[in-house]
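Visitor: Given next are the chains, with one letter for each unit.
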Amino acid sequence: MSANTEIDNVWKLPSHRKVGMVTLILAESALFTIFVVAYLFYMGKSLNPPFPREVLEFPLLGSIALFSSSATIFLAEKALHKGNRAGFLFWWGFTLVLGVYFLYFTGTEWVKLIYVDGLTIATNTFGTTFYSLVGLHAFHVVVGVMLLLGIFIAGIRNRLKASHTEHVEAISYYWHFVDCIWIVVLSVVYIISVRV
Amino acid sequence: MENDILIEDDYRLPDPVRLGDEPGSFTRIIQKIVFTVDHKILGLMYIGSALFFFVIAGLLASLMRIQLMYPNNTFLGPNAFNTSFTMHGTTMVFLVGMPMAFGFANYLVPLMIGARDMAFPRLNAFGFWVFFFGGCLLFFSYLGAPGLYAAGSAPDVGWFAYSPLTARAFSRGHSTDYWTLSLLLGGVGSVATALNVLVTVICCRCKGMTLGRLPIFVWSMLVLSFLVILALPCLSACQIMITLDRYLGAKFFDTQAGGSAVLWQHFFWIFGHPEVYILIMPAFAITSEVIPVFSRKPIFGYPIMVAALVSISFISLGVWAHHMFCVGMTSLENAFFVTSTLLVSIPTGIKIFNWIATMYGGRLRFELPLIFAVGFLFQFLIAGLTGVMLAVAPFDWQLSDSYFVVAHFHYVLIGGLLFTIFSGIYYWYPKAFGRMPNFKLGLWHFVFFTIGFHMTFLPQHFLGFLGMPRRIYTYQADRGWDEWNFVSTIGVLFQAVGILFFVYNLIYSYIRGESAGEDPWDAWTLEWATTSPPPDYNFAEMPVVKSRRPLWDAKHPDDPDWKYE
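Chains as they are written, first to last, in the numbering used here: chain P, 1 to 196; chain G, 1001 to 1565.
Heads up, a few of these hints could be off.
[As the list claims (entries may be wrong)] Okay, derived cross-link-like pairs now, DSSO-like style, lysine-lysine, Cα gap no bigger than 30 Å in a straight line:
#: 1; chain 1: G; residue 1: K1207; chain 2: P; residue 2: K12
#: 2; chain 1: P; residue 1: K18; chain 2: G; residue 2: K1546
#: 3; chain 1: P; residue 1: K12; chain 2: G; residue 2: K1555
#: 4; chain 1: G; residue 1: K1563; chain 2: G; residue 2: K1546
#: 5; chain 1: P; residue 1: K161; chain 2: G; residue 2: K1207
[As the list claims (entries may be wrong)] Coverage of chain G stretches by chain P, computed from C-beta distances (three or more under 8 Å per stretch; other residues unrestricted):
#: 6; stretch: 1227 to 1233
#: 7; stretch: 1239 to 1253
Just so you know, the hints here were simulated from the structure itself, not pulled from any lab data. Every residue gets a Cβ at the ideal spot worked out from N, C-alpha and C, and that includes glycine.
Input sequences plus hints: build the corresponding full structure.
Guide: Here it is, written out as structure tokens:
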């Protein structure tokens, strides 16, 4: 018996929601790796214009919005742990707004690329790899925004329970991951490829 | 951690929908199958549907062997032959091999680690149904979508679908779309289930079940899931790229617009080679459980076995281009991939030696599981030796895409994987159904299947040396291939008889088999600590584990393992 109580005291396993999210992030990273490699492989190999250096502008405002949303979601989590409902809803809603702004920014960029510069997914290998990589990332932002919205609505309607803190943390993991991917996409697409 | 924004309110779960009244009625059974989130039922559903697809893909293979029985045969036309080998390969890899692995993982991992279910039971059901409907979608291609111009066209681009065969210009209609969409679904389902297995092993172990005490079966499934998590998204990326190319005019693999067909090969095999190890992992898993129990000895070199598993999985992520020696890479690339491929043989060799060392000096009980496991050892050795031969680039230049390659990977997947699947099914049949499998029928199954297997695939090594390429639908009479092809086809007959004995045994033993009891094999892992079949909740009282062989400790309190570990 004494041996069992000893085990009871030390036997702690990680939360399955967090490990599940980390595993999903691992799988998503593999997916992104292929598209990043495709972009790098075709960099500078497009047969016809437009080329990246002619049409791409550094997405300063969008990037600032997305990067700062990592900070706001962190503040939201901190408020949650302190039990500060208003603070949680404020920072969580702020994160949501920043995510939506990033999508709006990407949308205007794409409208400009398509209608002003005439670059579509079928124009050349740059168009193909650009839209598939940036689009895959934007798709993940859309999913993230929907997750954020779900929690936000639950928070406003007072439906968040103590058992939901892990869900909130798992979603914040996902959001940080989407942010990290943007670092990679930003460096590869908007910093390296415009110099080739 | 109390906080004011969080309100505890108890949801009342809605009562489950009840259809039929009497338990055991048809509607109740259907209801159970459709609504279940129980890992044991889902595991059996995985194994059952894998066996179903196995029979279909086996019939496709038989059709191809009948076509190749004689030179200039006209049994199947070239188009039917192309669809047959494509559907055979795709089905065997994605609808038989992986679901079979997931079936075993689903059924056994929670039982072996002393858990009541998987970490995410509903995700588990989702994974199964996505895989199952993906498989149905693939086979629906035979009927096609009536009214469209592609009615009744099965995929015919080969299971690795080399670009530019999949381009719109060369694959009109929807056959390739059936292939890409069903594999995309299969990829989603596999990642979901692999994630589930991985999280279950990490987060749901019973008290005392440290990583160092996990059964090697569970370790293998953990490594398998890790590989699925890393490899399958690459396949999904490939399918997304093909679909973009075909429907939005993207240029990924369009050589006229500067795209690269070789890039497809790299991307596909970055998924494709880890996939090979995903497929063989259940063989390692089952053998590592069966051999110790039937040799009455604990597994030899447990830490080394685990280290070998992990190193095989890591090396397997860096060997993909050995499928592409004939593409014409630089000699540096060739040298790298030759070396990394040869490296795999070291941990694999360690595993084979450790299994033999486990048997050495043991009191061997030649029950059905051990018989099939010993068959596996010999056949997997042959497969490994031909694998080492093919890993050497100049040898591969000569024999790539020949029947030698076909013989090699069928020795891996049938002689290696399938024999252990049979071994595992006979080993855990008493646990799942509470009845012993019939020994005599199983022995006939082994005899016929082993003879048939070697008759079919041993001659294909020689056909490869004689220059017969794979995927040709017929050949001329004067090539010296006639006799070997004839023998190879006759072997299929023996295999089919073996499979009939197997299926008959499963049904016969379910009805007539003698009662098994909790632990018919006198085994040591936790799944044998509960009733056969296990109750819905697996364990009435959660077990506490102190060593690698918890049931040994329970049966021998005077001399438990944990005193020595």
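Visitor: Against each hint, give a clear statement of whether it holds in the structure.
Guide: The hints, checked one at a time:
At most 30 Å may separate the alpha-carbon atoms for a hinted pair to count; K1207 (chain G) and K12 (chain P) meet this at roughly 9 Å. Distance hint between K18 (chain P) and K1546 (chain G) is fulfilled; the C-alpha atoms sit about 27 Å from each other, no more than 30 Å. The hinted pair formed by K12 (chain P) and K1555 (chain G) meets the criterion: a straight-line CA distance of about 28 Å does not exceed 30 Å. For the hint pairing K1563 (chain G) with K1546 (chain G), the CA-to-CA distance comes to about 9 Å; that is within 30 Å, so the pair holds.
Proposed proximity of K161 (chain P) and K1207 (chain G) is supported: the alpha carbons are some 28 Å apart, at most 30 Å. For the stretch 1227 to 1233 of chain G, the stated coverage by chain P is satisfied: 5 residues place a CB nearer than 8 Å to a CB of that chain, which reaches the threshold of 3. Check on the stretch 1239 to 1253 of chain G: 8 of its residues sit with their Cβ under 8 Å from a Cβ of chain P, so the three-residue criterion for coverage holds.
This entry satisfies every hint, going by the numbered hints stated previously.
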